[in-house]
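Chain residues, written in single-letter form:
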Amino acid sequence: MDWILLLEWVIKGFALVMILLTGFAYLTLFERRILAFMQVRIGPNRAGPQGILQPIADAVKLIFKEELTPAKSEKFLFLLAPIVTVVPAVVIAAVIPWGTQFEAFGRTITLYVADINIGVLYITAIASIAVYGIVLAGWSSNNKYAMMGGLRSSAQMISYELPLGLSFVLVTLMAGSMRPVDIVEAQRGWWFGLMQPVGALLFLISILAEVNRAPFDMPEAEQELTAGYHAEYSGMKFALFFMAEYIKMIAVSAIMVMLFLGGYRELPGLQNTWFSVDQTWWLGPIYMFLKVLAMLFVMVWIRATLPRIRYDRLMSFGWKVMLPLSLALIVITALGLVLQPMWALAPYILTPVLSLAAFGLTVLLLQNSLARRQHA
Amino acid sequence: MTLELFLFFTLALIALVTAGGMVFSKSAVYAALNLVTNFLSVAILYLLLDAPFIALAQVTVYAGAIMVLFLFVIMLLGVETLRAEFDWKKIWLQAVLALALLVEGFVMLFQRMGQAANLPFNTASVLTNPSEMAKVLFTDYLLPFELTSILLLVAMIGAIVLTKQVKKRSL
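Chains A and B supply the protein sequences, listed in that same order.
Mind the numbering: the first sequence is residues 1 to 376 in the numbering used here, read in order.
Mind the numbering: the second sequence is residues 1 to 171 in the numbering used here, read in order.
Quick list of simulated restraints, FRET-style, between CB atoms: (1) B:150 to A:331: 17 to 25 Å; (2) A:53 to B:158: 53 to 61 Å; (3) B:158 to A:79: 34 to 42 Å; (4) B:115 to A:10: 36 to 44 Å; (5) B:122 to A:25: 43 to 51 Å.
Under the rule of at most 27 Å between Cα atoms (straight-line distance), these lysine-lysine pairs were calculated in the DSSO-like manner: (6) A:75 to A:61; (7) B:26 to A:144; (8) A:75 to B:26; (9) A:72 to B:26; (10) B:89 to B:26; (11) A:72 to A:144; (12) A:65 to A:144; (13) A:12 to A:291; (14) A:75 to A:144; (15) B:26 to B:90; (16) A:75 to A:65; (17) B:164 to A:320.
It should be emphasised that the hints constitute simulated quantities derived from the structure, not laboratory data.
Model, not experiment: these values are computed from the prediction.
Idealized CB from N, CA, C, for every residue including glycine.
With the hints as constraints, model all of the structure from the sequences given.
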């Protein structure tokens, strides 16, 4: 290993962290402006032109706020919890490829930090570690509301990790590899989101639950829990939780783009033109950025649209609807792939049609079970 | 090589200290957290052995899923503090069995020291490549694999039967 390679890694890692942190700051502004637009308000527009300096003003405010530590809290864990929350949020992005590669200074530089052949498993491992921060924050605060928030979040994240993991299985089946670059390159002609639209939808729902975003923001339900697991946190410690949530939003959007929306690849049908990343490498990060931005917009849009789901409904939705449906989707996807040697278009026609049928059946059953309850 | 050795000893130290902490900790939450740290350091040891698949499976399954569930139950039942009852009379059988296991482990260790592991597959390719591992798992080791899955299924059915309520609940 030569030291230039090491330098390259350090620079790429540093750039990734910087992008995530800047992205977090401006994502808060983006979210507030979009929410304001959807609620026919104006939103923050005082600090700088169009409120462009608002994140800096927020950061300064939070740094100078007094930090309280509750008297009967577990001091060590209370300090540790925000750190344990932020670190997985940042490191999970390491395996996401942001583009192909380019030549500079006589060497080939690839646009990803880590290229491991079990990248998908790495994502599930880090995602499953992420629960600890919230649970520990809730427990160490020595506050009943915070405790309830922590418990809710751990139950929710364990439940939704199953459909999340099964969606990873779907993608691994279709790509035939767990390596992120292989997954993106397998979507060269046709995105996995188009082959398995219901899988993409399940994945979107699961990641919303994993990052505790509306309508699954049960751990911090204001009306019931007064802010949930971070009720006792103030100042920069609170900011760290806030930061973790938004960085996770960016990271899971990028993961969703990587798995189902073609990653850094161009739109299907543009393979052999100038717009393809094969011919113009610097379009890769731009496509990635645009797709992640679209995903983030969808997440904010969902938050502005849907009310919070009741807690018991959330759990039964996870276990009784998402889990069976994702298992059915795995069978359907595998069927499409098995039939491919006989009928080359099976994964492109049979799989989406059958999955949409399964989805329709699920919606019908759900509607029936809810309607019957209303009459009773 | 020296770097690897240094990493190994650091990780081994962390693993031993956290294992001890897990046993001797008075608070159940700290015991669970010590165990999590132990699992993580063992996972990094697997990484040092060029077995990333096992390492990440270890993190996902043990540190990620099982220990979160443990922590959840500890917090839900409110049994954070353990009463320090340490009565040799009550645990002599467990102590003898644990001692036997320890002696067995040491005997195996000293007998096999310096020998290459005698396994019916190419360790290097199987451990680094998940598809190679799947091939070995689903051909040579199919019976143990199926038995494990049946065991897990039995546990799952048992849990469902135990928690089944008389009053019917719908979605």
